[in-house]
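A.B. asks: Here is what each chain is made of, one letter per residue.
Protein chains: 2
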Amino acid sequence: MNEKSLIFPADEYRNRITGLQREMAKADLGALLLTTPADVFYTTGFLTRFWESPARPWFVVVPASGDPVAVIPAIGLMLMERCWIGDIRTWNAPDPVDDGVSLLAETLTGLVPAAGRIGIPMGLESHLRMPVADFLRLQDHIAPRQIVDGTAAVYRVREVKSEAEIAKIRTTCSVADAAFDRVPEFARHGAPLSQVFRDFQVALLQEGAEWVSYVAGGAEQGGYGDVISPAHDRPLMTGDVLMLDTGAVRDGYFCDFDRNFAIGRAADDVRRAHAALFAATDTALATLRPGMLACELHRIMTDDLQRRGAAPGGGRLGHGLGLTLTEWPSFTPHDTSELREGMVLTLEPSVEIAPGRIMVHEENIVLRTHGPELLSRRAPSELPEIMG
Amino acid sequence: MNEKSLIFPADEYRNRITGLQREMAKADLGALLLTTPADVFYTTGFLTRFWESPARPWFVVVPASGDPVAVIPAIGLMLMERCWIGDIRTWNAPDPVDDGVSLLAETLTGLVPAAGRIGIPMGLESHLRMPVADFLRLQDHIAPRQIVDGTAAVYRVREVKSEAEIAKIRTTCSVADAAFDRVPEFARHGAPLSQVFRDFQVALLQEGAEWVSYVAGGAEQGGYGDVISPAHDRPLMTGDVLMLDTGAVRDGYFCDFDRNFAIGRAADDVRRAHAALFAATDTALATLRPGMLACELHRIMTDDLQRRGAAPGGGRLGHGLGLTLTEWPSFTPHDTSELREGMVLTLEPSVEIAPGRIMVHEENIVLRTHGPELLSRRAPSELPEIMG
Numbered sequence: 026m027n028e029k030s031l032i033f034p035a036d037e038y039r040n041r042i043t044g045l046q047r048e049m050a051k052a053d054l055g056a057l058l059l060t061t062p063a064d065v066f067y068t069t070g071f072l073t074r075f076w077e078s079p080a081r082p083w084f085v086v087v088p089a090s091g092d093p094v095a096v097i098p099a100i101g102l103m104l105m106e107r108c109w110i111g112d113i114r115t116w117n118a119p120d121p122v123d124d125g126v127s128l129l130a131e132t133l134t135g136l137v138p139a140a141g142r143i144g145i146p147m148g149l150e151s152h153l154r155m156p157v158a159d160f161l162r163l164q165d166h167i168a169p170r171q172i173v174d175g176t177a178a179v180y181r182v183r184e185v186k187s188e189a190e191i192a193k194i195r196t197t198c199s200v201a202d203a204a205f206d207r208v209p210e211f212a213r214h215g216a217p218l219s220q221v222f223r224d225f226q227v228a229l230l231q232e233g234a235e236w237v238s239y240v241a242g243g244a245e246q247g248g249y250g251d252v253i254s255p256a257h258d259r260p261l262m263t264g265d266v267l268m269l270d271t272g273a274v275r276d277g278y279f280c281d282f283d284r285n286f287a288i289g290r291a292a293d294d295v296r297r298a299h300a301a302l303f304a305a306t307d308t309a310l311a312t313l314r315p316g317m318l319a320c321e322l323h324r325i326m327t328d329d330l331q332r333r334g335a336a337p338g339g340g341r342l343g344h345g346l347g348l349t350l351t352e353w354p355s356f357t358p359h360d361t362s363e364l365r366e367g368m369v370l371t372l373e374p375s376v377e378i379a380p381g382r383i384m385v386h387e388e389n390i391v392l393r394t395h396g397p398e399l400l401s402r403r404a405p406s407e408l409p410e411i412m413g
Numbered sequence: 026m027n028e029k030s031l032i033f034p035a036d037e038y039r040n041r042i043t044g045l046q047r048e049m050a051k052a053d054l055g056a057l058l059l060t061t062p063a064d065v066f067y068t069t070g071f072l073t074r075f076w077e078s079p080a081r082p083w084f085v086v087v088p089a090s091g092d093p094v095a096v097i098p099a100i101g102l103m104l105m106e107r108c109w110i111g112d113i114r115t116w117n118a119p120d121p122v123d124d125g126v127s128l129l130a131e132t133l134t135g136l137v138p139a140a141g142r143i144g145i146p147m148g149l150e151s152h153l154r155m156p157v158a159d160f161l162r163l164q165d166h167i168a169p170r171q172i173v174d175g176t177a178a179v180y181r182v183r184e185v186k187s188e189a190e191i192a193k194i195r196t197t198c199s200v201a202d203a204a205f206d207r208v209p210e211f212a213r214h215g216a217p218l219s220q221v222f223r224d225f226q227v228a229l230l231q232e233g234a235e236w237v238s239y240v241a242g243g244a245e246q247g248g249y250g251d252v253i254s255p256a257h258d259r260p261l262m263t264g265d266v267l268m269l270d271t272g273a274v275r276d277g278y279f280c281d282f283d284r285n286f287a288i289g290r291a292a293d294d295v296r297r298a299h300a301a302l303f304a305a306t307d308t309a310l311a312t313l314r315p316g317m318l319a320c321e322l323h324r325i326m327t328d329d330l331q332r333r334g335a336a337p338g339g340g341r342l343g344h345g346l347g348l349t350l351t352e353w354p355s356f357t358p359h360d361t362s363e364l365r366e367g368m369v370l371t372l373e374p375s376v377e378i379a380p381g382r383i384m385v386h387e388e389n390i391v392l393r394t395h396g397p398e399l400l401s402r403r404a405p406s407e408l409p410e411i412m413g
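Chains as they are written, first to last, in our numbering: chain C, 26 to 413; chain P, 26 to 413.
These are calculated hints, taken from the structure and not from any lab test.
Zero decoy hints are in this set.
No copy is singled out in the list; a pair is fine if it fits within one copy or between any two copies.
Result set (SDA-like, lysine to any residue): computed pairs, CA atoms no more than 25 Å apart in a straight line:
{"id": "1", "residue 1": "LYS51", "residue 2": "VAL157"}
{"id": "2", "residue 1": "LYS51", "residue 2": "VAL122"}
{"id": "3", "residue 1": "LYS51", "residue 2": "PRO121"}
{"id": "4", "residue 1": "LYS51", "residue 2": "VAL185"}
Could you put the whole structure together from the sequences, leaning on the hints where they help?
C.D. replies: If you want it as structure tokens, here you go:
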């Protein structure tokens, strides 16, 4: 038996379902159809790395009232039975003739009246994890029921984390804190960046991560070029600015923050960039309050960097965090999402040190009534230098 | 500069595009629209773990003739510029008003005549990695051009691996071989399974994996219950059968195979189960030839297990492998896909030792003219026992 598969007591999941059903009522939804690892885990506690295989779709249906129904491949039955879900319907997947479509259609038509509307997340930052051809077939099978936009119902609930969830994310952040403390042990002059990436993942596992879904970073002279490229094999050398960023996972919850290091003495412009990022983060920590909009926080950080003579980087300056490495909202000029109490967020200002050389700086927080509470341990105010 | 981002010489990608365009001509497709990490990597060489963030869609358009066009978030520009793609169009994502839809529509209408058809993978084992609402908007924008099923065009090309790809998968398999050799070092009596999972991931990284996208397994008395549950914290004890399965990644290519171990002396039924799985795999290795159907290989393994008095497990008994942990086809009773020369496949028979206790056994192969060539090092014929 696997005592860990539930992660939370059943009441945590019941509260989530109640919250979803409240939003569903507002949107006149007779059911929600969920397909992604995060949404399935959120509603059921079903946690597995098996999602890595694209072979099979998995479905959870949340009715307007009552408990959710899992419609899943038979290979997941034993694990789902250890979750709090009572109604589990399975088929032998992958089936080229009918890969769960008729079973799912039967489930939906049994729960939703003919005039009813079924919501799916279909907005920004979402996707539907099932074949498009099967989705079209499903729509035919369940007509005249309509599939409509259920994004808001899911997002407004999932974006506010419970204390139990916040505790999980804090734990994952502390794993990354401990791994970052060890970076000077292996990120030494002469170590290839690709080896540093490996050693960092090893450190995360040794410090308590269950898996490491994301490691990124860079190391180049006087600042890195981007933050998404795979690691190069060039040895670290004096003058490099090394950044490591991680989304480690424990009990299904992510952290997402980075740390910067100078290899040898940091140049003046590099130290100034780090100081500006640190100060802009301090400003965000001091001023962010529930009720602000995502675009307002973007402006606060951008203005602060500019006041300090730094050139703010493009792209978003932070985002939601929790069941995936990144969640909505996004701190961009155009995102008008309200920042709410209980949201877990990243603050991620970036600056351009010179053309093609950037620096980013990231912390994880939970937004409380009176402002942010750090979940990551605050980065040092001075850029750490790794000598000799 | 990051010299590794291309992975293969540009000719490798050009050959792939030529192959896709040949299939597109058969299906009367004016373009292919690709959205998944595997399809984007396959056509461009763009390799990053940044896909872990669900925030942004990424698009590659393969026209009926000429080079592909990348339509991507600006954050990916620098990395895509190091790939072989010349035509890269970017927008600032995520954008809640227009997250690349109009740029993508403009690209498609520029490449495909009004009466043309645009294929997307929409069949079994596929999904579309973009918001459904944006997909509906895109269809409006590009009308009267139609979006149709392009699954076969993509699958028929991707499923036959080049020698360069086979070499990559062989290398990843050898990383896992080396890590499996070290299992007896850490999977000792008294070690919690969750720690064994961590140590195994560390071993994979130390032996050369760049990241570890998948680790699964189980350890229970006389056989495990399933193969997808997270690791429990119970210490290994005499009588446990331990299975570890991994999809490690190097240069973007996966392995996917498992190994079994007895903790202490293996019981007779456990040894018999392992022997039956080993023999069924031998039978598959000896008889599999290009031109067979996936369902025929399923029957060969099932019949062989039954002849030996073993109870074949449900579910598929192997599948394709390469750019993702699992690819089509699936060795099930209903999959009539033709097994072709150059396919990389897993052979994965399973048996039920007793109700609720199973054993699985997996090897990775490439199918040659005269039969399978192993990419994983063949498992030992006798179940290894980890003593004391």
